[in-house]
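Numbering (my numbering), first residue to last: 1 to 304.
A hint or two may mislead.
[Unchecked claim] Pairs of lysine-lysine residues, derived as DSS-like cross-links and limited to a Cα-Cα distance of at most 27 Å, are as follows:
| no. | residue 1 | residue 2 |
| --- | --- | --- |
| 1 | K233 | K116 |
| 2 | K271 | K288 |
| 3 | K24 | K39 |
I should point out that these hints are in silico values taken from the structure, not numbers from a laboratory.
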Amino acid sequence: MFHQRQLQAFVLTAEMASFTRAAKEIHLSQPALSYLIRKLEEELGIALFARNTRTVMLTDGGELFLGHARRILADMTLALDETRNVRELEQGRLTVAGLPSVASSLLPRTIAAFRKRHPRVTIALRDGLADQVHQWVRRGDVDMGLGSPLDQDRELDFQPLFHDDLILITPPRVVRRSESPWYGLDEMSYIAMTPGSSARHYADLAMGHAGRRIEPSWEVSFMSSAIAMVRAKLGYALLPASSVDVFNLEQITRLPINMREPREIGILRRKPLHSSPALEAFVRQLRKQIALTDSGEHLSATDD
């Protein structure tokens, strides 16, 4: 198949009607330019120029091919320019998915910081439950997901970022340091997140470790709904620590829960791994944002 240099040699020769001037324009010797055009003619199976000692004229086939050659060169130039722009983050598109807890806290802050540095890269955000995030990543609907690992999904790569513990929130009450955070909750209703969510999975684990075999009185899909119900003194809830700062928790008691199996949050990507400059830059910004976040009770970094 002919290559870019052959097409450039042909178009310049046709436009200048001179092998000598065309060769000088692209910094080749005349024999080298003639060789490129001869190889192009061999590949096409036609003569492109009617040559004589005085003039260089296009054949009918050469006239026909000239328009195609110009379009091919323009497409090549455009492809190279766009590829260079993607590499230098002058353009591009990135789709990121995340669990509700990180989609309402860490991801918006990361996206805002990323857009300041790379305003020409378009970012789309999807939020969903753990199985939805996994499905989107697995199907290639998103470039990466931010969530928790499920049962050994061999199609996905997981890179841990931080541990996200749970916070027990209750209507206003006093709990002494010597008392369990569960103290006084036996007569209070349990408000749980929807089954299938990552938050619900780890809340069930925490309840089991605490010896609390209690069926939820309510199951809600949104953390804002759970908080509103706690504020209305309808019961208590367990929510991811990373997300609670987004909400107004006035007149609500917050207590950390020591978990035997902390919820691990990390980057989910489909195998085999394929990266783009935009994705690599976003992951760098994500890690930087985590490092900037108060690591007290919210995020505790894990090794990669």
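Verification of the hints:
With a C-alpha separation of about 42 Å, the suggested pair K233 and K116 falls outside the 27 Å cut-off, and the hint is violated. About 25 Å separates the Cα atoms of K271 and K288, which keeps this hinted pair within 27 Å; it holds. With a C-alpha separation of about 19 Å, the suggested pair K24 and K39 falls inside the 27 Å cut-off, and the hint holds.
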